[in-house]
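> Chains as they are written, first to last, in this note's numbering: chain A, 1 to 104; chain B, 1001 to 1877.
Treat the hints as calculated values from the structure; they're not laboratory data. Keep in mind it's a predicted model, so treat the numbers as computed, not measured. Incorrect hints may have been included.
Unchecked claim - Under the rule of at most 30 Å between Cα atoms (straight-line distance), these lysine-lysine pairs were calculated in the BS3-like manner:
#	chain 1	residue 1	chain 2	residue 2
1	B	Lys1699	B	Lys1724
2	B	Lys1095	A	Lys46
3	B	Lys1014	A	Lys26
4	B	Lys1783	B	Lys1097
5	A	Lys26	B	Lys1052
6	A	Lys46	B	Lys1014
7	B	Lys1095	B	Lys1724
8	B	Lys1783	A	Lys46
Stated by the list, open to error - Some chain B residues near chain A, calculated using beta-carbon distances under 7 Å:
#	residue
9	Glu1034
10	Gly1037
11	Phe1485
Here a beta-carbon is modelled for each residue, glycine too, at the ideal position from N, C-alpha and C.
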Amino acid sequence: MSRSDEMILLAVWKLQDDAYGASVLKYLQERTSEDWSIAGVYAPLKRLTSLGLLRSFTGLPTHERGGRRKRMYNLTVPGYRSLKRAQAEYESMWIGLPTLKLAT
Amino acid sequence: MDWSAHLEIGHVIKPPFIPRFLLGSCIHPSDRDEVLGDLDEVFAELIPENGKHRANTWYWYQMLRSAPWFLIQSFAWNVVMLKNYLKLTLRTLAKQKLQGAINIAGLSLGIALCVLIAFFVRDETSYEKFHEGYENIKEVQTWYFNPDGSTKHKIPFVGAPVAEAALLEIPGITEAARARIGRSYFRIGSSVFQERMLYVDPTFLSIFNFPLISGDAQSAFTQRNHIILSESASLQLFGSLETIGSAVEVRLGGEYREYEVSAIAKNPPGNTKFQFDAMVLIDPWIETSYPAAIGSFGYNIVQTYVVTRPDALLDNINKNLSSLYALHNETPFDYNLEREDFLGQNLPMTYQAIPLQSVYLSRQSKAVYSLILGAIALGILLLACINFMTMSIGRSLFRSREVGVRKVVGATRSQLIGQFWGEAFLLTIISAIIGVVIAWQALPYFNGLTEKNLAFELISQWPLVASIILIVILTGLIAGSYPSFVLSSFRPVDVLKSRVRISGSNFYTRSLVALQFTLSVSLIIMTLIMQRQMNTIQERDLGFDSDQVVLVTLNGLDGTGTANQFKQLLEGESSVDGITLAGSALGSRFINGLSWADEGQQLHIDVLSVDHAFMGEMKIEIVEGRDFDVTRDTNASRVVLVNQALVDEFSIEDPVGKQLPVFPGDDSPTIIGVTPNFNYSSLHELVGPLMITVDTDWKHEFIYVKLAPGDHRASIDLLSAAWKNVSQDIPFQFQFLDDRIEQAYSADLRWGRIVNLGSGFAIFLALLGLIGLTSLSVQSRRKEIGIRKTMGASDGRIIGLLIRDFASLIVIGSLLAVPLSYLLADQWLSNFAFQMDVEWTIYFVAASVVLIASVLTITAQSFRTVRANPIEALRSE
């Protein structure tokens, strides 16, 4: 699982019942310094869905979108597990690090 | 692909059109809505924060970064869909095996036939086009006119000096050559061969493109006794191609002369009329065979070809040729005064130049045959295409449920259209490939049928390949159009609830069926007319007895002497009933004649030279006067028999005892008897005025041997043995008169066979189409039939109901076929002087045949459904 996959999963989790292409894109753009493209969001969303970490369903169209439908995403149990595992691994890497003598 | 709706967003500012459109085209339809919606949403929020300009830039950036990925995605998706469609097509084919097979078989047969006929027509129109600069080569012909200025007939021969005179006197003519095709005997040692000889001028080789494989065109005719052999002749005579310098004896003017091989030419291709085994100079031939024709414009004995400058106008050349004729002709008219009358309105005859490439097609109305054949090919292809369409429509109607399910699951209309069209194209492409393979395999048989030597060349014939591709595209387009547009437009709920009623009786399919019947009835009528005409010709009383008559060719031997010797040798043989002599073979194209000018009119009579026994042996009636009589006619040149046509043409009253109105003065022979108009010439021509003479100055060319009934092979052996004692120079050559007469119509018979084949195909295809349509109509009316049966209708009545549906179409089709086939048949019949009467019964018979075949087809096809227990039909929902 790459870092961008992780970010996407976290975004979907955070957005809860309102996770779809545009909201994920906006959320990531606000919180990260990276430039996100719509394909950069959709590609992981689709892949993670086919891996079973996400589940997708068609959402109701809203007026803001000119009546266009949404594809909504939910985190699944395997998705949640893999996020927790990633977090645990990540944290274990941080534990016990010596004080760094900065080279400046 | 309707995205215009995306532009009408409820917000004030729309995203820029161009990147939105580009991105939209990259995204697969299944994802397009949500992706564009997402972008629109983000874009709308960006505007109040960052302004329109920044938002636009952002959108462009999004498009450029995202388009590639979406493009790859949608491509991968399409491949999956294609696989899916293909699988579906194959499955439906497998499910409807019979209909699918009929569908493909019909179209591939149609395409195969078209390919073959295209080969044929191409060959017919390719005659003489391989000569370099063929556009500038013209054949000079002699045209005869009637007093009213209309053309009487055209012959491809002119006088011996015309070529030279035209070259010298007519500006615009740069080269000229004479030619004459004939048969001649070759002798090497004691073996004699008969070969096709082309007598030519040396310039012939520079005008026409007959390449030499050894030897040099410049020096090939430096000696009067040089001869050029074709490859095959060289192999036949010497068994080798290294034959330059070899000696061969050639029979010329009644005796063998020494010739020396100077070059070997490639065998002439099939699409030229100059089919030769050997070429020699023409001058020695004229000098020995027709000494009187040397330097004379009066004997039309050679073919003449001129090369004109590309900028020379044919009209001017022809004007000059007319003047040339007037200038050199020894008839007592002042043609100079009338020279301005172009095309010799007042000339009895004139010379005319015809472009070489059109000579072949204009002769024997070959163009008409190509036209008929082309029409048949197009008709059959049209039939096959129509079948393909009606069957495709028929098959697809049973798939309306599939369409409904697909739509419910989410297939867009464009996907359905694409699917049906894709299927139609797949089938047409398969059919085209099978068709081409069939054509390739059937070419040898087709060559046998048409007596041609066509080669299978597809690559070099790009117009043909292009038209096959065009046929595939058009058929696929039309065949797929109905299912893709009509079926895809149904509301899925209606389809699934079986609320949509489809039957085969919409205007589209009905008019196609009517057209099919028009075509097949026309072809049947054509077939019937051709057959009847050929029967008319074959059964026609020719006016003489051609049974068991063997013709022995004299080939320039002294007729009377040889015949007498032959006669003596065969005297007392029980297998020979009689022997007689004549200058021509009866019943085929006639060449001997007498022409003279009289008061501005060119007159012509045919001349048949015979011996005294001829009329009696051939059982030719004499209606007035008497037959020739050896004892009474002491001076053979003083008496003639004439036919009724001559009496009528010259309006002679009480002809017997009168002088023949041919030569002025007392020289003219006396008419001693009149024969009816027996068909001495081919039935393509009218019986013309004929003079029959026993004057031996008119040469005899054939010995007519009348065989007694019995074993003909033994009789022929006997003749052959006797011949060896008469002439060692020339091998025994014979032909039955009946066979020879039949040969004159071999082309017509051949065409009859081809048209038979074509109409057989057409009927077959039309019936196939009917099967498809009937099954469709029966299937869609199963419930109706069931209800009718429970209400007490009999099987016969129900079948009658179904037949009535189609009967009107058949009647309309037949009515349309009458004028169409009449036009074509009229064209063909105009080739014959003796025409059958086209009776209305023929049309009736053709229409009835089709009607009966259709009724049988409908009955057979619907029988099972009609006989079925009505409960089955009514219960199924």
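> It remains to establish, for every hint, whether it holds in the given structure.
Status of each hint after checking the structure:
1. Pair hint Lys1699(B) plus Lys1724(B) holds up; C-alpha atoms about 22 Å apart against a cutoff of 30 Å.
2. For the proposed pair Lys1095(B) and Lys46(A), the alpha carbon gap of about 37 Å is over 30 Å, so the pair is violated.
3. Between Lys1014(B) and Lys26(A) the CA atoms are separated by roughly 19 Å; this keeps the pair inside 30 Å, and the hint holds.
4. Annotation: proposed proximity of Lys1783(B) to Lys1097(B) holds, straight-line Cα distance about 25 Å (limit 30 Å).
5. A distance of roughly 18 Å separates the Cα atoms of Lys26(A) and Lys1052(B); the hinted pair therefore holds under the 30 Å criterion.
6. Between Lys46(A) and Lys1014(B), the direct Cα distance comes to roughly 28 Å. Compliance with the 30 Å bound is thereby established for this hinted pair.
7. With a C-alpha separation of about 74 Å, the suggested pairing of Lys1095(B) with Lys1724(B) is violated against the 30 Å cut-off.
8. A C-alpha spacing of about 49 Å is found between Lys1783(B) and Lys46(A), which places the hinted pair above 30 Å, so the restraint is violated.
9. Interface hint at Glu1034(B): satisfied, since its Cβ lies 4 Å from the closest Cβ of chain A, which is below the 7 Å cut-off.
10. For Gly1037(B), the suggested interface contact is upheld, since its CB lies about 3 Å from the closest CB of chain A, less than 7 Å.
11. Interface restraint check for Phe1485(B): the shortest CB-CB distance to chain A comes to about 27 Å, outside 7 Å, so the restraint is violated.
Going down the numbered hints, you'll see the structure goes against 2, 7, 8 and 11, while the others check out.
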